[in-house]
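**Student:** Listed below are the residues making up each chain.
There are 6 protein chains.
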Amino acid sequence: MSDFDTSLPSVRQIQTYITEKKEVELKLITNDLHVGKVFWQDPNCICLLDQYDLPIIIWRQAIVYLKPKN
Amino acid sequence: MSDFDTSLPSVRQIQTYITEKKEVELKLITNDLHVGKVFWQDPNCICLLDQYDLPIIIWRQAIVYLKPKN
Amino acid sequence: MSDFDTSLPSVRQIQTYITEKKEVELKLITNDLHVGKVFWQDPNCICLLDQYDLPIIIWRQAIVYLKPKN
Amino acid sequence: MSDFDTSLPSVRQIQTYITEKKEVELKLITNDLHVGKVFWQDPNCICLLDQYDLPIIIWRQAIVYLKPKN
Amino acid sequence: MSDFDTSLPSVRQIQTYITEKKEVELKLITNDLHVGKVFWQDPNCICLLDQYDLPIIIWRQAIVYLKPKN
Amino acid sequence: MSDFDTSLPSVRQIQTYITEKKEVELKLITNDLHVGKVFWQDPNCICLLDQYDLPIIIWRQAIVYLKPKN
Numbered sequence: 001m002s003d004f005d006t007s008l009p010s011v012r013q014i015q016t017y018i019t020e021k022k023e024v025e026l027k028l029i030t031n032d033l034h035v036g037k038v039f040w041q042d043p044n045c046i047c048l049l050d051q052y053d054l055p056i057i058i059w060r061q062a063i064v065y066l067k068p069k070n
Numbered sequence: 001m002s003d004f005d006t007s008l009p010s011v012r013q014i015q016t017y018i019t020e021k022k023e024v025e026l027k028l029i030t031n032d033l034h035v036g037k038v039f040w041q042d043p044n045c046i047c048l049l050d051q052y053d054l055p056i057i058i059w060r061q062a063i064v065y066l067k068p069k070n
Numbered sequence: 001m002s003d004f005d006t007s008l009p010s011v012r013q014i015q016t017y018i019t020e021k022k023e024v025e026l027k028l029i030t031n032d033l034h035v036g037k038v039f040w041q042d043p044n045c046i047c048l049l050d051q052y053d054l055p056i057i058i059w060r061q062a063i064v065y066l067k068p069k070n
Numbered sequence: 001m002s003d004f005d006t007s008l009p010s011v012r013q014i015q016t017y018i019t020e021k022k023e024v025e026l027k028l029i030t031n032d033l034h035v036g037k038v039f040w041q042d043p044n045c046i047c048l049l050d051q052y053d054l055p056i057i058i059w060r061q062a063i064v065y066l067k068p069k070n
Numbered sequence: 001m002s003d004f005d006t007s008l009p010s011v012r013q014i015q016t017y018i019t020e021k022k023e024v025e026l027k028l029i030t031n032d033l034h035v036g037k038v039f040w041q042d043p044n045c046i047c048l049l050d051q052y053d054l055p056i057i058i059w060r061q062a063i064v065y066l067k068p069k070n
Numbered sequence: 001m002s003d004f005d006t007s008l009p010s011v012r013q014i015q016t017y018i019t020e021k022k023e024v025e026l027k028l029i030t031n032d033l034h035v036g037k038v039f040w041q042d043p044n045c046i047c048l049l050d051q052y053d054l055p056i057i058i059w060r061q062a063i064v065y066l067k068p069k070n
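Residue numbers (full-length UniProt numbering), protein chains in the order written: chain F, 1 to 70; chain C, 1 to 70; chain B, 1 to 70; chain Z, 1 to 70; chain R, 1 to 70; chain P, 1 to 70.
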């Protein structure tokens, strides 16, 4: 896999959310708000499972912020 | 072809959709929603065949998310 | 010319439109829709000739999609 | 950690805000305004603790400006 | 100057407009339309002289298209 | 400091505004207009001092144009 720096705090934090199957909220540049569980991440995208467990591949370039759903 | 990492989960997932001729939904930064079948992908673009089988070359930089049309 | 990978399907498809003097539709991130014939392409821009054959230099970063005008 | 130039004035200024636990205001490209304390920064993201001390991972590409909350 | 490929058609075309002191129209991602004469260009920016000959430094990342004012 | 090409006309012009403590106007991609004096610049950001001499760190990626306040 291309140079994906898994030591970065941002990558590690998301990896934790993946392991904990944590529900998160993702704000996108189109002002969409997506809630779901992070399935996997790679250098270009983050895959979120929505409430129907359907995979939605989100481009990192379109992400504004990610935070845990309290 | 320039360094297009076909081992990435995001690239592999799209390649699966291509092979399966899966209908997908693509949200773009202009809030456009495009439905069709992925024809090919390269490092800069994804080509979608619309319902008339016409090719629409979509720039990766303009993609927000891609998900299978259930 | 800087590393412009002319083997990419997206670059080759546009080169075909140039050779065939095909009329195309270009959607830009400002929601503008431009119709015309692709005159040339380089790593940063695509030059479109509008209906008055005037050249409009469009930055690739601002392109959402390109499709043939049926 | 990938090449994160900690000698840059912008990175150093944010590091100062982290050390001083300074409240800052972050304007994002979706016109959202977020207030909180910077928890950490890496080459891709800045993590802000909101008023409930919840971490919000903000992508640098989505940041317009950052300034101290006077 | 960093690697600014002056052999590119887009860079050469703009250089021609500079030499000819051609009036051009620049559409920006905020939908602003700026008219003026290109004063200089570098890898990051294009400097336009407005009708009062005041220099406006425009970031290339914010440019959608450039065309001659007929 | 990472490769920040201080020979570029755009970087030099801004350096001049810093030395002359020139008041400038900055248009951002969110359509915000900021007026102030450039305090410093680095490869990622420009720091503006507003009318209260408070530093506002503006990401270069969010800048549309910069021009002197006449």
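Worth flagging that the hints you see were computed from the coordinates, not collected in a lab.
Wrong hints could be hidden among the right ones.
Derived DSS-like pairs: lysine-lysine, alpha-carbon spacing no greater than 27 Å straight-line [claimed, not checked]: (1) Z:Lys69 to F:Lys22; (2) F:Lys67 to C:Lys37; (3) P:Lys67 to Z:Lys21; (4) F:Lys67 to Z:Lys21; (5) R:Lys22 to P:Lys37; (6) F:Lys67 to Z:Lys22; (7) Z:Lys21 to F:Lys37; (8) Z:Lys21 to F:Lys21; (9) B:Lys67 to R:Lys22; (10) C:Lys69 to C:Lys37.
Reference listing, derived: stretches of chain B covered by chain R, where coverage requires no fewer than 3 residues with Cβ under 8 Å from a Cβ of chain R [what the hints assert, rightly or not]: (11) 34-45; (12) 54-64.
Every residue, glycine too, gets a C-beta built ideally from N, C-alpha and C.
**Student:** Name the hints, by number, that the structure is in violation of.
**Tutor:** 1, 2, 3, 5, 7, 8, 9
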